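For the protein sequence lines, the chains are A and B, in the order given.
Letter by letter, the first sequence follows residues 544 to 815 in the working numbering.
Letter by letter, the second sequence follows residues 544 to 815 in the working numbering.
Warning: the hint list may mix true and false statements.
[Claimed, not checked] Far from chain B by the CB rule (all over 12 Å, computed), these chain A residues:
| id | residue |
| --- | --- |
| 1 | A609 |
| 2 | D617 |
| 3 | G656 |
| 4 | G661 |
| 5 | I779 |
| 6 | E780 |
[Said to hold, decoys possible] DSS-like, lysine-lysine: derived pairs with alpha carbons at most 27 Å apart:
| id | chain 1 | residue 1 | chain 2 | residue 2 |
| --- | --- | --- | --- | --- |
| 7 | A | K790 | B | K637 |
| 8 | A | K790 | B | K783 |
| 9 | A | K637 | B | K637 |
| 10 | A | K657 | B | K657 |
Rather than coming from a laboratory, the hints here were simulated on the basis of the structure.
No experiment lies behind these values; they were computed from the predicted model shown.
A virtual CB, placed ideally from N, CA and C, is assigned to each residue, including glycine.
Protein chains: 2
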Amino acid sequence: MKIIIYGLGIIGASLAAALKRAGHTVLGKNRSRGPVEYALEHHMIDGEAASYEGADVVFLCLPPDATMQELNEDAFPSGCIVSDICGVKEVIEKAVYEKPRNYRYVGTHPMAGKETSGILSASEDLYRGKNLVITVNEYTDPAALDTIRSLAQDAGFGRIMECSAREHDAKIALTSQLAHIVSNAYGKSPLCSFVSGFTGGSFQDMTRVGGVDENLWCDLYFYARDPLLQELSGLIERLKEFEQALKTEDREGMRALLREGRLAHDRFFSEK
Amino acid sequence: MKIIIYGLGIIGASLAAALKRAGHTVLGKNRSRGPVEYALEHHMIDGEAASYEGADVVFLCLPPDATMQELNEDAFPSGCIVSDICGVKEVIEKAVYEKPRNYRYVGTHPMAGKETSGILSASEDLYRGKNLVITVNEYTDPAALDTIRSLAQDAGFGRIMECSAREHDAKIALTSQLAHIVSNAYGKSPLCSFVSGFTGGSFQDMTRVGGVDENLWCDLYFYARDPLLQELSGLIERLKEFEQALKTEDREGMRALLREGRLAHDRFFSEK
Numbered sequence: 544m545k546i547i548i549y550g551l552g553i554i555g556a557s558l559a560a561a562l563k564r565a566g567h568t569v570l571g572k573n574r575s576r577g578p579v580e581y582a583l584e585h586h587m588i589d590g591e592a593a594s595y596e597g598a599d600v601v602f603l604c605l606p607p608d609a610t611m612q613e614l615n616e617d618a619f620p621s622g623c624i625v626s627d628i629c630g631v632k633e634v635i636e637k638a639v640y641e642k643p644r645n646y647r648y649v650g651t652h653p654m655a656g657k658e659t660s661g662i663l664s665a666s667e668d669l670y671r672g673k674n675l676v677i678t679v680n681e682y683t684d685p686a687a688l689d690t691i692r693s694l695a696q697d698a699g700f701g702r703i704m705e706c707s708a709r710e711h712d713a714k715i716a717l718t719s720q721l722a723h724i725v726s727n728a729y730g731k732s733p734l735c736s737f738v739s740g741f742t743g744g745s746f747q748d749m750t751r752v753g754g755v756d757e758n759l760w761c762d763l764y765f766y767a768r769d770p771l772l773q774e775l776s777g778l779i780e781r782l783k784e785f786e787q788a789l790k791t792e793d794r795e796g797m798r799a800l801l802r803e804g805r806l807a808h809d810r811f812f813s814e815k
Numbered sequence: 544m545k546i547i548i549y550g551l552g553i554i555g556a557s558l559a560a561a562l563k564r565a566g567h568t569v570l571g572k573n574r575s576r577g578p579v580e581y582a583l584e585h586h587m588i589d590g591e592a593a594s595y596e597g598a599d600v601v602f603l604c605l606p607p608d609a610t611m612q613e614l615n616e617d618a619f620p621s622g623c624i625v626s627d628i629c630g631v632k633e634v635i636e637k638a639v640y641e642k643p644r645n646y647r648y649v650g651t652h653p654m655a656g657k658e659t660s661g662i663l664s665a666s667e668d669l670y671r672g673k674n675l676v677i678t679v680n681e682y683t684d685p686a687a688l689d690t691i692r693s694l695a696q697d698a699g700f701g702r703i704m705e706c707s708a709r710e711h712d713a714k715i716a717l718t719s720q721l722a723h724i725v726s727n728a729y730g731k732s733p734l735c736s737f738v739s740g741f742t743g744g745s746f747q748d749m750t751r752v753g754g755v756d757e758n759l760w761c762d763l764y765f766y767a768r769d770p771l772l773q774e775l776s777g778l779i780e781r782l783k784e785f786e787q788a789l790k791t792e793d794r795e796g797m798r799a800l801l802r803e804g805r806l807a808h809d810r811f812f813s814e815k
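Isolated chain A, as found in the complex:
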């Protein structure tokens, strides 16, 4: 199967390397030359793609705006399967389905990444055992979906979930976007500059993903504005309950809040 991957950052280059290792022919495409040369040197791709000609599957591994622009170019061969990897999906589907297309779209969102980006952070093992969400709807072509599922297995993904774009956006607002806001806000305490040597795993975990690219994440936040706002406001309300218990020295209340969170945590972890 001939696969073209446009966008050789951490997500695209890792996907390329994993699919090439699985035996597929993988061509790479990138706006700047550097990542293409790096990918060739490190055997992450079989060659560079000058166009989409002959592609069975194209993965657009680009930020949301660039993804929508490319989906609107209609530059894909007829019948080609086109997938994206964006962390928001309703807006992408809206762009795809605004007119008839000659390609078959299937959205994916790998639950994998690092706190660093770019091809230097890529690895053919990035997706091993990780979760992948595939978004489906009434227009999804069953054969295209099968192909994407099969490629996902080849890339090493563990659980592969299917859901609607709306369900995806609501859940990802909680599991990814809110986490990045909290981490970013956490690290802004003026005291953070003075705690070197005073940190353990809990602080490191809280602040790990805070160094977000403000342009990419600002777009993601506004494309998922409604579900994100709901989750952010909910978290602020819950934190204010802790604040209130501390202020009023309400020990019983504090214990009750913590117990409630512990039970939720235990339910969640037992489900995994």
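We have chain A; now place chain B onto it with these hints.
This is chain B only, laid out in the frame that chain A set:
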């Protein structure tokens, strides 16, 4: 050197095992029998301590209230070095120095732990490369401090910091206590029950330590109430800035908030 460790939970039993491996004679003491037997079977201690007789160093690896009670028993041999491992220190020092003691107190706080507790989670490698904070003041005996530093190295700690109890409590309010509140509150979103398969590292990191023992942590929170309240209120204010930017669709404001957090994050990580 004869070391007695009272409290064979994850912290105490790991310390016992690490110090025994380093060649010290380590006796264990615990309110219930189970952990003592487990520690003996797994060669984490050399024997059980019936009293503190003959001890050069005693580590109290107990929750704050039990630690203060034990420090007030004055059951230690004269000149013995007594240390605790509590995550709050001003309140412990206040208990120690309320009257003259025949023992030499040095406070410690290992920046290590797991999201599980108890001796079954203990490991002689728990402290390898981790941070240790030692609290010192005008009453600290220099020879006792040297001994504790040397034992900390034997136990495998990486960086060993010294500071006052007040500085400790302020910094730990940010790096540990606030992190546990946020994690606990984060996991309480009603949507958490439905995101299995939709999670990656950022959500897992956010929720990892949320399952706290409400009695222990409630005590820790109120013993560090003032610095914790300051950090918690600060975080809530910063999260409300994000909420406001989302509500008013202020994209420039959102990018500015994220950029500020990224720069703080980069400063912090470059300092480590």
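Hints and how they fare:
1. A609: For A/A609, whose nearest Cβ neighbour in chain B is about 17 Å away, the distance exceeds 12 Å, so it holds.
2. D617: holds (29 Å)
3. G656: violated (7 Å)
4. G661: Nearest chain B Cβ is 15 Å from A/G661, so the label holds.
5. I779: violated (5 Å)
6. E780: At about 9 Å from chain B, A/E780 fails to clear the 12 Å cut-off, so the statement is violated.
7. A/K790 - B/K637: holds (22 Å)
8. A/K790 - B/K783: Within the cut-off at roughly 19 Å; holds.
9. A/K637 - B/K637: The given pair, whose Cα atoms are some 63 Å apart, is violated under the 27 Å limit.
10. A/K657 - B/K657: holds (22 Å)
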